[in-house]
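A.B. asks: Okay, here's what each chain looks like letter by letter:
2 protein chains.
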Amino acid sequence: MKIAISQLNYKIGDIDGNTAKILDAISKAKNENADLVIFSELAVCGYPPKDLLDYPNFIDRCEFAINLIGENSVDIGVIIGAPSWSKLDRGKKLYNSAFFYENKKLLKRIDKTLLPTYDVFDEYRYFESNKIFECVSFRGEKLAITICEDLWNIDDEKMYKLIPMDELQKDNPTLMINLSGSPYSYNHVEKRRNRMQQNAKIYSLPLCYVNQVGGNTDILFDGGSMFINKNGDIVEECTFYHEDFKLIEWSSGSVYPDNHQDYYDYDISLIHDALLMGIRDYFGKMGFKKAVIGSSGGIDSAVVHTLAAKALGGENVRAIMMPSKYSSEGSVNDAVALAKNLNSPYRIISIEQTVKSLNLTLEEEFEGLEEDVTEENIQARSRGVILMAISNKFGYIVLNTSNKSESAVGYSTLYGDMCGGLSVIGDLYKEQVYELARFMNRSSPVIPQEIIDKEPSAELRPNQKDSDSLPAYSVLDKILFHYIEEQKGWKEIVKLGIEEDLVRRIIRLVDKNEYKRFQASPTLRISHKAFGIGRQMPIVARYNH
Amino acid sequence: MKIAISQLNYKIGDIDGNTAKILDAISKAKNENADLVIFSELAVCGYPPKDLLDYPNFIDRCEFAINLIGENSVDIGVIIGAPSWSKLDRGKKLYNSAFFYENKKLLKRIDKTLLPTYDVFDEYRYFESNKIFECVSFRGEKLAITICEDLWNIDDEKMYKLIPMDELQKDNPTLMINLSGSPYSYNHVEKRRNRMQQNAKIYSLPLCYVNQVGGNTDILFDGGSMFINKNGDIVEECTFYHEDFKLIEWSSGSVYPDNHQDYYDYDISLIHDALLMGIRDYFGKMGFKKAVIGSSGGIDSAVVHTLAAKALGGENVRAIMMPSKYSSEGSVNDAVALAKNLNSPYRIISIEQTVKSLNLTLEEEFEGLEEDVTEENIQARSRGVILMAISNKFGYIVLNTSNKSESAVGYSTLYGDMCGGLSVIGDLYKEQVYELARFMNRSSPVIPQEIIDKEPSAELRPNQKDSDSLPAYSVLDKILFHYIEEQKGWKEIVKLGIEEDLVRRIIRLVDKNEYKRFQASPTLRISHKAFGIGRQMPIVARYNH
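Chains A and B supply the protein sequences, listed in that same order.
In terms of our numbering, the first sequence opens at residue 3 and continues consecutively.
In terms of our numbering, the second sequence opens at residue 3 and continues consecutively.
Because the hints were derived from the structure by calculation, they are not lab data.
Ideal placement from N, C-alpha and C gives every residue a C-beta, glycine not left out.
Some clues are possibly wrong.
Some residues of chain B that are not near chain A, with every Cβ distance over 10 Å (derived) [to be verified]:
#: 1; residue: Met3
#: 2; residue: Leu25
#: 3; residue: Glu65
#: 4; residue: Glu317
#: 5; residue: Ala439
Heads up, simulated DSS-like pairs for lysine-lysine below, C-alpha to C-alpha not over 30 Å straight-line [as the list claims (entries may be wrong)]:
#: 6; chain 1: A; residue 1: Lys480; chain 2: A; residue 2: Lys160
#: 7; chain 1: A; residue 1: Lys163; chain 2: B; residue 2: Lys110
#: 8; chain 1: B; residue 1: Lys23; chain 2: A; residue 2: Lys493
#: 9; chain 1: A; residue 1: Lys110; chain 2: B; residue 2: Lys163
#: 10; chain 1: A; residue 1: Lys95; chain 2: B; residue 2: Lys493
#: 11; chain 1: B; residue 1: Lys163; chain 2: A; residue 2: Lys172
#: 12; chain 1: B; residue 1: Lys193; chain 2: B; residue 2: Lys531
#: 13; chain 1: A; residue 1: Lys89; chain 2: B; residue 2: Lys203
#: 14; chain 1: A; residue 1: Lys133; chain 2: B; residue 2: Lys160
#: 15; chain 1: A; residue 1: Lys172; chain 2: A; residue 2: Lys95
#: 16; chain 1: B; residue 1: Lys493; chain 2: B; residue 2: Lys467
#: 17; chain 1: B; residue 1: Lys497; chain 2: A; residue 2: Lys89
#: 18; chain 1: B; residue 1: Lys327; chain 2: B; residue 2: Lys518
#: 19; chain 1: A; residue 1: Lys172; chain 2: B; residue 2: Lys89
#: 20; chain 1: B; residue 1: Lys160; chain 2: B; residue 2: Lys95
#: 21; chain 1: A; residue 1: Lys514; chain 2: B; residue 2: Lys23
#: 22; chain 1: A; residue 1: Lys514; chain 2: B; residue 2: Lys531
#: 23; chain 1: B; residue 1: Lys144; chain 2: B; residue 2: Lys163
#: 24; chain 1: A; residue 1: Lys467; chain 2: B; residue 2: Lys395
#: 25; chain 1: B; residue 1: Lys292; chain 2: B; residue 2: Lys23
#: 26; chain 1: B; residue 1: Lys95; chain 2: A; residue 2: Lys493
#: 27; chain 1: A; residue 1: Lys160; chain 2: B; residue 2: Lys160
#: 28; chain 1: A; residue 1: Lys95; chain 2: B; residue 2: Lys160
#: 29; chain 1: B; residue 1: Lys203; chain 2: A; residue 2: Lys95
#: 30; chain 1: A; residue 1: Lys358; chain 2: B; residue 2: Lys395
#: 31; chain 1: B; residue 1: Lys160; chain 2: A; residue 2: Lys110
#: 32; chain 1: B; residue 1: Lys514; chain 2: A; residue 2: Lys312
#: 33; chain 1: A; residue 1: Lys23; chain 2: B; residue 2: Lys493
#: 34; chain 1: B; residue 1: Lys89; chain 2: A; residue 2: Lys531
Calculated Cβ distances over 12 Å to all of chain A for the following chain B residues [what the hints assert, rightly or not]:
#: 35; residue: Glu73
#: 36; residue: Glu104
#: 37; residue: Leu109
#: 38; residue: Asp269
#: 39; residue: Asp275
#: 40; residue: Val338
So that you can see chain A by itself, here it is in the shape it has in the complex:
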């Protein structure tokens, strides 16, 4: 049997565009004499469609597209993901389905059983769970078809009561097929591979695993579709971060050699590639070409500028240096040097005049009061207004340059440096930002070494340093990681060898800045617990972790 894996980059909701891509891939598979072509989960509408699923006409149009795709299944089997009406008299109205067509005939509709509802996933919001298990006979083979999470309930700690493959196994399949919408995070690539290899070994069956690829706002899909033999070897693996099409010649019983590239659990090069894809797809799918960033001469904006230049072309990233009286001369020079290295247009626009006007305007209101963080925020917000004005005037998207460490503790100004359409490095702790800078500088140094070497500072008051009010980033990031990603309480973090007062102070800062993060821009997600939809904390609350 000849199986084609079609790993595509879908635009959410663009049913016509996605269908056209799918029909193209079917033609290609036919030309290659494939028996079967497989697409990913909810391919017709793109994953995740979110509350578009609440619109009945959206489901109707997905069903219409599925029919059209079915009409194009002459001489080939087509397995494709789409939402479908459950038509149950009780239960949720929809299924997350895989449609299996051959010769214009629907051989079977397979519905997803395990509905991930945690972190960024919310599938029980829309879908009913399947409870019927049956394999599909096709050209001499028997296919056990499942959808994404259906193959993930094999850990020691099982999140669901059912194990769909245990049920399907009773029907004596010869091949497993899984349609997936599995997003990237830096510790997910190896985990996903391991789990799929484990499935092959548990059931002693080959597995054809098809994932989507592409960035959908904050969520990044890395692809990596694969064909695994029954011994658990990865025989074929699709590209990461790009569309791919792979043909697998497979006959029941044969074993093929392992053929996959090694990646490691934490690999800065994968984070780098994921972020590039995230930027590229945010702009590409929205129909924008150009970005504008506030370039301070600090490490964060330097890394964002460099990533954006790689994703969009240096000439498409406008850098605005906005010095105040507290900015060191070096800062502007470093930012300018970077812009030159990246071939980006730039302009130096002082905020002095605006800040002066604002302070004057507020003089009466603030009479007799000391300067404090208010005046620092006025600087940050003046910069925000300038960037947004340039965005409005030219249609450029403001890229936000905050990192995860500072948004965690709230060392950022709402409507100031928190502005932007997309946060590029908002899921990277400060130490990861440095790591990424060094990685991008490894062969030829693009980011001036001065930027990497200087001590971090917001430059909002004379001689300000981040270390005035925060611990070393190595310590801060450690506390944050264990609190945010690992959901530990302060006592457990103190046990890691960090001072109690510090741990509790940092945790309090994280908690009390929930209101700021609620209004943050979407953030490219690269960890298993990013700020945003995957971490929904109450704002008005009081809990001492």
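Start from chain A and add chain B according to the hints.
C.D. replies: Structure of chain B alone, referenced to chain A:
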């Protein structure tokens, strides 16, 4: 049997504070010789605790509090909601439970079966569903205890396959008890009553229904706990929007007369009260006393100012008038008159100087280009910076004054008039804002009639009127309601008698402004489909409804 209903206002995550309140109510119930005291769903931690539930130590501390409450059940039955460890080897780790204690002994733990996961609800994110049904014998009665959604699967269209009361009925209960966390929306009050009355009638059993009360950021709980006799009459009903404690003397078989106040499905006075509670609790639970608002002399800021003054005291709301050269003199005068009526401190702070500085600062960048929406946004953002500076300096919370119509179509400036800690009327369409203004003016006119009568304008360019670019609000609000609340496509809305081009243009505006709303402040929810967590639309997407 003497039953005490304890309708309390909990602070999310404040386990100690909530427990203290609960113990007080138990004492009170004991003093009244009650047999049983009942609290609402997840009372110990407050509803909804959101991702605090992901922290193991949070669950442990809830269990600790439950034990303490159990120790205080000498001579009285106590039924109280809290999360609990499921201890299953398969399935989600938690249950949404009701603990039933008497004389320091746990008579039973009842777990929730139907887990609402739609709109603002996301319970399957955390909880496993119960599948075991058993009543509890207590002092000669047999209690069928359920939690909130468990009693809601009785419509013709059933969202869940199971009907918990059908199962419990087999055990011959004599009384139904429901612990609830049921939020307000303007069409939910009557709906909730009807459903609970229906339950009483279907099972021919009295029902004791206990809801929580209070605002938790955006979600408003209105209370209205009730005791319903087996004929479906509401015998007792707790206050709306305030804590309450009611004793019910009940004996099996007796029928009591209907005793509830009538409310109607849509009642502006309830919306008014809900918003006051929302403001009061946002400030009270966060520990803030004072608000600041940008008061333009328009209807939106006038209504927000009036509501805030009623909730917090006029003297605690600082009004800032920020005229530009496009502001009519009337606008400032009207805003000042309102501030005087409300006894609020105010100041007129011109934005002219700041706008001039910003335009000058950007002159070179914008050389040779026409004025456009950029310059309008600069005005709105200058006002945002001023309000936020006052907020920073004095610790006042900025109340956002956007309405639902304008945030729907994106007629608002990100980081400008969209700024604020809480959006007060962001779930009210413009016509509802007028209705609310007239309602608050009904006995003595607080809002100057000029504000209500003038034609809506953003006053960002000469002689600008909302009607220059938008249809009449009666038409706009109708389109928006059917698109947002009713999930209709453009074809169905056109059938209501509105021009196709207009409908499609408005829908496109709603869709393309998703990116702005993503960064909006939390919004007090009064409808069944508010912007915010209850409506999660993709940002990077393309779907023509």
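A.B. asks: The structure should be examined with respect to each hint, and the outcome stated for every one.
C.D. replies: Okay, the hints, checked on the actual structure:
no., hint, verdict
1, Met3, "holds (35 Å)"
2, Leu25, "holds (18 Å)"
3, Glu65, "holds (14 Å)"
4, Glu317, "holds (17 Å)"
5, Ala439, "holds (27 Å)"
6, A:Lys480 with A:Lys160, "holds (28 Å)"
7, A:Lys163 with B:Lys110, "holds (23 Å)"
8, B:Lys23 with A:Lys493, "holds (27 Å)"
9, A:Lys110 with B:Lys163, "holds (23 Å)"
10, A:Lys95 with B:Lys493, "holds (22 Å)"
11, B:Lys163 with A:Lys172, "holds (26 Å)"
12, B:Lys193 with B:Lys531, "holds (15 Å)"
13, A:Lys89 with B:Lys203, "holds (29 Å)"
14, A:Lys133 with B:Lys160, "holds (18 Å)"
15, A:Lys172 with A:Lys95, "holds (29 Å)"
16, B:Lys493 with B:Lys467, "holds (29 Å)"
17, B:Lys497 with A:Lys89, "holds (26 Å)"
18, B:Lys327 with B:Lys518, "holds (27 Å)"
19, A:Lys172 with B:Lys89, "holds (29 Å)"
20, B:Lys160 with B:Lys95, "holds (26 Å)"
21, A:Lys514 with B:Lys23, "holds (24 Å)"
22, A:Lys514 with B:Lys531, "holds (28 Å)"
23, B:Lys144 with B:Lys163, "holds (25 Å)"
24, A:Lys467 with B:Lys395, "holds (22 Å)"
25, B:Lys292 with B:Lys23, "holds (26 Å)"
26, B:Lys95 with A:Lys493, "holds (22 Å)"
27, A:Lys160 with B:Lys160, "holds (28 Å)"
28, A:Lys95 with B:Lys160, "holds (9 Å)"
29, B:Lys203 with A:Lys95, "holds (27 Å)"
30, A:Lys358 with B:Lys395, "holds (17 Å)"
31, B:Lys160 with A:Lys110, "holds (26 Å)"
32, B:Lys514 with A:Lys312, "holds (27 Å)"
33, A:Lys23 with B:Lys493, "holds (27 Å)"
34, B:Lys89 with A:Lys531, "holds (24 Å)"
35, Glu73, "holds (23 Å)"
36, Glu104, "holds (29 Å)"
37, Leu109, "holds (27 Å)"
38, Asp269, "holds (26 Å)"
39, Asp275, "holds (19 Å)"
40, Val338, "holds (16 Å)"
The structure agrees with every numbered hint stated previously.
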